[in-house]
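Novice: Residues per chain, in single letters:
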Amino acid sequence: MAKIKGDIVINTERCKGCEVCLAACPFTVIAMSKEVNSKGYHFAMKVNHECTGCTNCALVCPDGVITVYRAKVETE
Amino acid sequence: MGELKLMKGNEAVAEAAIRAGCDGYFGYPITPQSEVMEYLMAEKPFERTGMVVLQAESEVAAINMLYGGAGTGKMVMTSSSSPGVSLMQEGISYLAGAELPAVIVNIVRGGPGLGTIQPSQADYFQAVKGGGHGDYKMLVLAPASVQEMCDHVKLAFDKAFEYRTPVMILSDGAIGQMMEKVVLFDQIPRRTDEELIKQCPWASNGRPKTRNHNIITSLDLDPAGQERVNLKLQAKYQMMEKNEVLYEEIQCEDADYLLVAFGLSARICQKALDLARAKGIKVGLFRPITLFPFPAIEVSNVGNRVKGILVVEMNAGQMIEDVKLSVGCKVKIEHYGRFGGIIPSPDEVVKALTQKIIGG
Amino acid sequence: MEEQFAKTEIHKPENIVYKKSDLMVDRPLSYCPGCGHGTAHRMLMEVIEEMDISDKTIGVSPVGCSVLAYDFLNIDMLGAAHGRAPALATAIKRMWPNHFVFTYQGDGDLAAIGTAETIHACNRGENITIIFINNGIYGMTGGQMAPTTLPGMRSSTSPYGRDVPTMGHPLKITELIAQLPGVYYVTRQAVHTPNNVRKTKKAIRKAFELQKENKGLCFIEIVSNCNSGWKMTPVQSNKWMEENMFPFYVLGDIKVDGKLIEMTK
Chain Z
1 MAKIKGDIVI NTERCKGCEV CLAACPFTVI AMSKEVNSKG YHFAMKVNHE CTGCTNCALV
61 CPDGVITVYR AKVETE
Chain A
1 MGELKLMKGN EAVAEAAIRA GCDGYFGYPI TPQSEVMEYL MAEKPFERTG MVVLQAESEV
61 AAINMLYGGA GTGKMVMTSS SSPGVSLMQE GISYLAGAEL PAVIVNIVRG GPGLGTIQPS
121 QADYFQAVKG GGHGDYKMLV LAPASVQEMC DHVKLAFDKA FEYRTPVMIL SDGAIGQMME
181 KVVLFDQIPR RTDEELIKQC PWASNGRPKT RNHNIITSLD LDPAGQERVN LKLQAKYQMM
241 EKNEVLYEEI QCEDADYLLV AFGLSARICQ KALDLARAKG IKVGLFRPIT LFPFPAIEVS
301 NVGNRVKGIL VVEMNAGQMI EDVKLSVGCK VKIEHYGRFG GIIPSPDEVV KALTQKIIGG
Chain L
1 MEEQFAKTEI HKPENIVYKK SDLMVDRPLS YCPGCGHGTA HRMLMEVIEE MDISDKTIGV
61 SPVGCSVLAY DFLNIDMLGA AHGRAPALAT AIKRMWPNHF VFTYQGDGDL AAIGTAETIH
121 ACNRGENITI IFINNGIYGM TGGQMAPTTL PGMRSSTSPY GRDVPTMGHP LKITELIAQL
181 PGVYYVTRQA VHTPNNVRKT KKAIRKAFEL QKENKGLCFI EIVSNCNSGW KMTPVQSNKW
241 MEENMFPFYV LGDIKVDGKL IEMTK
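Protein chains in written order, with the numbering used here: chain Z, 1 to 76; chain A, 1 to 360; chain L, 1 to 265.
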């Protein structure tokens with residue numbers, strides 16, 4: 001059967017760690033990293049596979065660092 | 001060729017702008033130059049050539065409308081008088097810093113402050129030494145007749161685009177108001193969009209997909225970058241000093257004494273010269289037409305041949321500083337002027353020449 | 001497993017449902033983390049890209065944090081003197097009537113030093129779009145009080161809070177200019193949550209479509225945060241904005257089709 005699956009790719013070097021995307025996600029897919037990027041920011045990262053590709057996080061990101069994918073995927 | 005008309009100086013400026021192919025005039029009323037915009041509104045140049053004429057809410061708005069239009073490559077002009085031009089100084093500095101072509105006409109009136117509505121020449125420093133902030137210059141033209149009011153508009157636009165610089169026409173209330181015969185040049189068609197884009201590839205008027213975006217700005221937060229901008233501007237001004245000097249010499253070849261004057265004062269000195277020569281005084285007249293670039297070499301050549309120089313200007317002594325810088329200290333140089341809108345008479349000039357320069 | 005799905009099935013160009021517009025120059029933004037400017041810029045560029053008008057659009061940026069907007073927006077831009085953007089835009093639109101012209105301004109730019117230019121461009125009904133980012137503070141210069149700073153709100157020049165008797169009330173410039181007959185569409189939006197971002201984008205799109213019809217001036221206020229100036233984290237600042245700015249600067253349409261909307265509290 002088919003399922004809508006989403007995925008996000010975060011440009012972690014451009015992320016400034018503002019955390020606004022966290023609250024935007026309906027499925028708590030995003031959390032902040034423990035490491036920092038080369039600018040010293042904790043960056044957003046995916047922590048589960050619940051993403052549906054709703055684009056909420058990408059819409060609200062001030063730096064536009066999130067690209068969102070969505071597709072119908074066959075699952076058993 | 002050309003059309004002969006009897007016109008007011010202010011009207012000649014306006015008509016010349018239409019004929020030069022000006023795209024937009026943005027101004028604000030102030031005496032003694034409101035006729036420029038009144039003429040333009042009455043002439044309906046939008047129907048003649050498509051030229052936009054708009055009364056702005058202030059001189060601050062007007063000069064910034066110029067900046068906007070110039071930033072897209074359009075030929076734009078404003079006119080004002082001393083207090084209004086003071087308000088434009090920020091905009092002029094921005095025009096210079098962003099290297100934008102524009103023509104600003106100052107019909108100078110008595111100052112300081114609200115002053116009078118009669119003519120003066122007391123904005124020389126503001127125009128030539130830079131009334132706005134930063135290291136910049138404008139090409140400054142000083143017409144002395146209604147004919148020059150007309151011709152200088154075309155010249156100003158040509159130079160504005162050649163050098164990417166604001167150009168000022170520094171006139172005064174008398175020349176703005178007086179009526180004289182003027183031969184108007186034939187209409188030059190306004191540029192098409194294609195011609196404009198070709199002439200101004202730097203302008204911000206809609207980025208085609210084939211190039212990077214253009215940015216019109218005078219800001220560079222990197223000091224090294226801003227220094228480069230300044231060096232570029234200075235090189236431009238040096239080119240102007242080399243190539244754009246304009247002046248007139250009248251009976252200077254055999255002169256023992258010299259009058260130096262620009263604009264209206266030069267016309268008065270012309271009559272004073274006739275009166276003095278009739279008395280046997282061999283006096284010549286040197287008339288700078290470009291105030292920046294100042295004809296320093298030329299006035300020095302003439303000035304160092306004579307026994308004394310009287311600089312006649314309707315102010316407390318402004319151009320005289322440039323005359324002194326050019327000529328040096330071997331020759332006696334004195335100032336004669338009236339203020340507050342009073343125009344000196346030729347007799348006064350002869351008297352001042354006799355008393356201050358020839359001695360006695 | 002599911003990770004395999006993610007990598008092999010989904011990451012194909014045809015599956016992209018959202019990416020930053022190509023009209024955003026590919027460089028880091030200079031704005032503070034969490035600042036609404038970045039989101040507003042991106043929505044503006046998305047609209048221009050979708051309408052395919054990047055070759056006919058001219059933007060005017062202000063003095064303020066977004067003085068560098070021209071570095072981030074891949075369209076022809078002019079940087080204006082402080083407050084003067086509507087004057088530039090007036091001349092540009094008058095002489096390029098078939099182009100799309102917008103200004104992008106902050107609260108000090110539009111409602112303090114530029115008040116006259118704002119009011120008169122609105123009064124003349126210039127066929128331009130004004131985008132007004134209202135964060136109630138002067139961000140770029142270090143957090144001073146703005147015309148839209150709320151009563152009691154602290155800033156570097158109102159360190160004990162805005163004192164209305166000596167410093168005046170906040171200026172609801174948007175409601176003021178909405179009264180003018182030359183203004184056709186006025187709306188107040190936000191960009192701190194996904195739904196608000198969607199509404200803002202719709203508003204910008206509407207304004208640009210209206211520009212094609214020469215209906216008059218379209219004015220979009222975006223109430224935004226300034227976590228640096230307000231001295232909070234981005235998430236805190238968005239919450240503070242909801243609790244304090246929105247009751248005063250109420251979101252929604254203020255004038256549509258040339259008619260004022262009756263605002264009910």
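Hints in this document: simulated from the structure, not taken from any laboratory. As the structure is a computational prediction, the values presented were derived from the model and not from experiment. Check before you lean on any hint, since a few could be wrong.
Stated by the list, open to error - In silico SDA-like pairs for lysine to any residue, Cα to Cα no more than 25 Å straight-line:
hint, chain 1, residue 1, chain 2, residue 2
1, A, K209, L, E50
2, L, K56, A, K232
3, L, K199, Z, S38
4, L, K231, Z, R14
5, L, K231, Z, V36
6, A, K330, A, I343
7, A, K44, L, W96
8, L, K56, A, Q199
9, Z, K39, L, V235
10, L, K20, Z, F27
11, L, K231, Z, S33
12, L, K212, Z, S38
13, L, K20, Z, S38
14, L, K56, A, V229
15, L, K12, Z, V36
16, L, K12, Z, A2
17, Z, K46, L, N15
18, L, K20, Z, A31
19, L, K19, Z, M1
20, L, K19, Z, R70
21, L, K20, A, N212
Claimed, not checked - Negatives, chain L to chain A, calculated, CB over 10 Å:
hint, residue
22, K12
23, I16
24, I75
25, A91
26, W96
27, E117
28, P181
29, I261
No residue lacks a Cβ here, since even glycine has one placed at the ideal position from N, Cα and C.
Novice: Compare the structure with each hint and give your call.
Specialist: These are the hints, each one checked on the structure:
no.	hint	verdict
1	A/K209 x L/E50	15 Å, holds
2	L/K56 x A/K232	30 Å, violated
3	L/K199 x Z/S38	34 Å, violated
4	L/K231 x Z/R14	22 Å, holds
5	L/K231 x Z/V36	22 Å, holds
6	A/K330 x A/I343	30 Å, violated
7	A/K44 x L/W96	18 Å, holds
8	L/K56 x A/Q199	18 Å, holds
9	Z/K39 x L/V235	20 Å, holds
10	L/K20 x Z/F27	22 Å, holds
11	L/K231 x Z/S33	23 Å, holds
12	L/K212 x Z/S38	45 Å, violated
13	L/K20 x Z/S38	22 Å, holds
14	L/K56 x A/V229	29 Å, violated
15	L/K12 x Z/V36	28 Å, violated
16	L/K12 x Z/A2	18 Å, holds
17	Z/K46 x L/N15	18 Å, holds
18	L/K20 x Z/A31	21 Å, holds
19	L/K19 x Z/M1	28 Å, violated
20	L/K19 x Z/R70	12 Å, holds
21	L/K20 x A/N212	19 Å, holds
22	K12	26 Å, holds
23	I16	21 Å, holds
24	I75	6 Å, violated
25	A91	4 Å, violated
26	W96	6 Å, violated
27	E117	6 Å, violated
28	P181	17 Å, holds
29	I261	28 Å, holds
In this structure, the hints that do not hold are numbers 2, 3, 6, 12, 14, 15, 19, 24, 25, 26 and 27, in rising order.
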